[in-house]
Amino acid sequence: MSPSEADAKTRFFVISAVRLASLALIAVGMAIIAGKIDLPKPIGAAFAIFGLLELLLLPRFLIRKWKSPSE
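Going by my numbering, the letters in the sequence shown line up with residues 1 to 71, in that order.
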């Protein structure tokens, strides 16, 4: 496996892990809002909103940062 293939696999794994962590944060936030976890609802809302923003923005930022320069 060439170094560029290894880098691509690592980047794919990182982006996938970020997406999964974002979904987990949203799920925890929704559980707090639903009362399944005993924390104040504003904290749950903050978790859910932060998770949603992370899910929408962070993978795109990483993809742009790692994109090969066009020649």
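Rather than coming from a laboratory, the hints here were simulated on the basis of the structure. Positions of the beta carbon are idealized from the N, C-alpha and C atoms, including for glycine. Take these hints with a grain of salt, some might be off.
Claimed, not checked - If you anchor each label on the Cβ, the simulated ranges turn out as follows:
hint	residue 1	residue 2	range
1	M1	K36	40 to 46 Å
2	F13	I43	42 to 48 Å
3	P69	P40	22 to 28 Å
4	P69	K41	45 to 51 Å
5	A27	K65	34 to 40 Å
Between F13 and I43, does the C-beta distance stay in 42 to 48 Å? At roughly 30 Å between Cβ atoms, I43 and F13 fall outside 42 to 48 Å, so the hint is violated.
Do the beta carbons of A27 and K65 sit within 34 to 40 Å of each other? With a Cβ separation near 27 Å, A27 and K65 fall outside 34 to 40 Å, so the hint is violated.
Cβ distance range 22 to 28 Å for P69 and P40, holds or violated: violated (47 Å)
Can the suggested window of 45 to 51 Å be confirmed for the beta-carbon pair P69 and K41? holds (46 Å)
Against the range 40 to 46 Å, how does the distance between the Cβ atoms of M1 and K36 compare: consistent or not? holds (44 Å)
In terms of the numbered hints stated before, the structure departs from hints 2, 3 and 5, listed from lowest to highest.
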